[in-house]
Amino acid sequence: MKLWVYVIRRLVLLLPTIIGLTFLVFALEHLGGNTLFLAQYINPHLTGTAREKLVEELTAKFHLNDPVYIQYFYWLAAVFQGDLGTSTTLGQPVATGFVWFMPNTIMLTLVASVLTWIISIPIGVYSAARRDSILDQGVRVATFTLYSMPVFLIGFALFIALGTAWHALPDQGNIDPVLLPTIPDAWFDHTNAVSYPTHILPLDAFLHGDWTIAWNSFLHVILPAVALTLALLAGIIRILRASMLEVLEQDYVRLARAKGVPERMVQNFHAKKNALLPTVTSYGYLVSGLFGGAVVIEDIFAFKGIGWWTTDAFLNGDVGVVMGSTLVFGLILVVTTLILDILYAFLDPRIRYE
Amino acid sequence: MSDALEIRDLHVRFHTRRGLYRALNGVNLRLARGEVLGIAGESGCGKTTMGLGVMSLLPRNASYPQGQVVFDNKDLVNLPREYSEQVGDRFSPKQNERILRRVSKAMAPIRGRRISMVFQEPMTSLNPVLPIGFQVGESIYVHDPAQLARRVLARSKATPELTRELVSLLAATHGDETSVRKFAAEHDLAGIEEQALFVWSRGDIHISRKEKAIRALSGQPMNFVERWIIDTVVRARSIPWYLSRIPILSRIVRRVLMREGNRKARELLTSLGIHHAERVVRMFPHELSGGMRQRVVIAIALANNPEIVIMDEPTSAVDVTVQAQILELVKRIRTSVSASFIVISHDLAVLAEVCDRIAIMYAGRIVEVAPTDEILHKPLHPYTQMLISAIPTLEGKPVEGIQGDVPDMRAVPSGCAFHPRCPFAFEKCREVIPTDLPHGSDQLVACWLYEGK
Amino acid sequence: MATVTESKARFDELRLSGKVFLSNKTAVVGLAIFLVFIGDAFLVQVAPGVLGVQYPDSVVPPQFTQTNPECVGTAPEAPSFNHLFGTIQYGLSGIGCLDLLQLVMKAIRIDVAISFFIVLVGAAIGTVVGVVSGYFGRWLDEAMMRVTDVFFSVPFLILALAVGFVIGRTLVNMALALIIIWWPLYARYGRSLTLSTKEATFIESARAAGSGRLKIIFRHIMPNVLPPVLVQISLDVGTVILIFSTLAFIGFLPSNALVPELGAIASIGLDFVALGDWWPVIIPGAVITMFSLAVNLMGDGLRDVIDPRRRS
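Protein chains in written order, with the numbering used here: chain A, 53 to 406; chain B, -16 to 436; chain C, -8 to 303.
Treat the hints with caution; some may be incorrect.
In silico SDA-like cross-links for lysine to any residue, where the CA-CA straight-line distance does not exceed 20 angstroms [what the hints assert, rightly or not]:
hint, chain 1, residue 1, chain 2, residue 2
1, B, Lys140, B, Thr156
2, A, Lys325, B, Phe267
3, A, Lys325, B, Pro111
These are calculated hints, taken from the structure and not from any lab test.
This is chain A alone, in the form it adopts within the complex (with noise of 0.2 angstroms):
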């Protein structure tokens, strides 16, 4: 019962942070002046009476000649309705982009969480169970090492080693370039290389049965998965060692030992329950690392997400798709953090049963 309570006082909580987000975005909007806003809908092509008559319009929309914060408020009611803005590198609303885009980032995120989790449990646990052993000081050196690089380093040594030197997997991309005319029109939009329904083209083809195409972009996905998961790794394990550490010299540990309890369920049982919560906590910190992490993986390999969609535009001064990544990568890791916050109250008994 008091794990509702808790979850609407976090939702509550979550309010002024969100506000806030916009108040951030639209500061970041209207610093200059209002040419960077504008520049959000208006083509850089377009010259002349064309574009003073589209300035007056938008002006009138906005109520730019008002006071800001009805400018605000009217920004902010545009932001509902999904208007953020045109994508002058793609020639679509930025948000129809958004759509298009995302579903690549979270699987990657996703998938780059999931293995890191499954990965690093035993490792961690392990590694903190046989302290000072060879594995452990492997671990740590290995951990070490990781943790200090940055992340287009570990990218870009895969990218290199398994793709470009050895041609073991594929680098580049979403898919093969070779089979992008055999994508049938019927669920993939040639023009903007996106796939439909899930638009995640590894999933569309499975589920259109194509397996050719469903295979190889499949492996598209490995080499990006592999490196955001290597980048993460570094201090999931970290942290995870530590906490193991500090649950093992906890009292609760020792009577656990003193009652006879095997080493084995001492680790697994005991010990671990109490690692793994604060290392959720410590993860929720993580996760913002881990998208800024995936917008460079992307970068790098061409993996077409949101995060290579604003390099690209950030390179090519489109402003639209900038600051609406700022906004909606705000909202994706306020609600992930409430997700795992809420996963922490339930896992906790301490704050569970209340």
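Use these hints to put chains B and C onto chain A, whose structure you have.
Frame of chain A; chains B and C shown alone:
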């Protein structure tokens, strides 16, 4: 009658970055069967280290350069001591950890079963994410799972007629244990006597409810999987490897047996004075008060009828009223349980309440051992005398503290460790470590003042 | 006033700390590597000729018009005896190939300086805000928490891109963008430290004794807040470089700005990956890793010294 436990000349050292701490410097102690022995001393004198040392629960930077802990004719600290003797000064905590793992494996059948321990802090002794019932039942699950299986089996085999017979037997013999056991053996219902006797001995429910409860012990249904698991465990008298290693199966086994563990936990908790044990068993430690948590920890310690129970400062972390409750509990337990107790405390008043004999520790050595009355009224060692006079009493005599400080255990004074603070110290005290000198019929004191008396 | 015995005790503590730190071999290695980086930065700043470095603030001098006569061809050359790190081509800027070692040496100075700049300024602003907010509490505290929440809600990289977009893509602006991202961390950290110190009873006794608020902050709270913050700063110097070099790698700095920064160099190198030329990206990346590694090792050693539990 042989002793339950004997500690001979035990030395323990802690290797830290700040130096070598000599925590125990030749502890000699005998624990007789069935007695309650108290260990008193200021903080830092080594009492907790001694308790943990017996169980080999000391951290990896602890070495055992010398000494033995003899239990059931075996030396419990054999392995770590041999390692210390081998490496001498080149003691490495990392290497020691490997030795400790072997020690843990060797000690596992003893810990929690033949020797158990109650820790100081009830707040942190219990695992916050596991329910109480699990933590209590686990003791039995780990050491004697067959017992749990037998109970389930007995319930499923018992017929309503048999249980009715059992009820009349109990009423006729007024709950005589032997007859109930004979009854269970005769009818191949091993495991039911415990449950029936528990219900019968409860003081808080009416006799008609007791009868109903005992009759309800019959005809418990079991599905195919449970039946197979229970049968196997009972026959094998333990959990065979194929049931404990295979991942999914081991989970099911644990679930089935721990359900029974919860029931047994309820019985144990009720016998320790916890009301509404059915509810407590499902709760988590943070939902209980300190006194209740301490009872839970004591229940865990007693679950397998150990021979020795070590209680480390059982009353120090709770307030005075709870302290009194726990002392009452300990006094009650010792009459119903055949174990020997070691109670460690800095509070002599606490020890005076429950102990038969009290040992006084100072700077890692036992300086005096005597029956409680003798210690309190005729203390021999100067340190003991000062401890006694430092206790506030109702008469309102002036409370005298002991001048000086507890010595830094990295540099224990030569000879008698107490000599810097002792008003009676003379030449020999500074040079020679006092041996345990007998005094009177049952006192031992390590002080040169009593040499030749 | 510290008595003689107090001063001696503190000195002994320092010596023990030093001993603990130096006994940690990896921490010493980290320190050594870190000193190499500092040494390079210092030399390039003060006496660039010693290392054979010219025009330390830019890839090439501003008035440069012709290709570098040192190397030939139009593709980067692999590491060799002549060029220990190989060469790299700034082909798109019409500059041709440059010795990578020299470039890296210049870049180290810039990266190290920026790392310190960001962390020190961010920490200064953040800690002050955090301490004030934590001490005075109530609505000020709530407001600050909400503000930092907002900054935490956007992933680092994205926020930096957005800010960079708005204020312009220069080196200094990149540092500023990162300071904007970094201060909330210290605000939170300073606040939590302040709160836990505030709970300590000696504050209560100071208040009871009538100390003024400002005085309490300086005499009591700061000494408890500063050491952990300093440790955090020392760790963050190694972390922040990972972020802004990645930013530069994505392309925060326009390539015609010709800034010698490790991430920017790597991003130029990315153009040549099709030729199988790994070193223009890997080498700057490895240098960044070395720096971060060194700082992390030192930080671990520092933590060993400061955290009382790890002392035994």
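Hint check: A:Lys325 vs B:Pro111, CA-CA at most 20 angstroms. Holds or violated?
The given pair, whose Cα atoms are some 10 angstroms apart, holds under the 20 angstroms limit.
Agreement of B:Lys140 and B:Thr156 with the hint, judged by alpha carbon distance not exceeding 20 angstroms:
violated (24 angstroms)
Taking only the CA atoms, is the gap from A:Lys325 to B:Phe267 under or equal to 20 angstroms?
holds (14 angstroms)
The structure fails to meet hint 1 from the earlier list, while all remaining hints are met.
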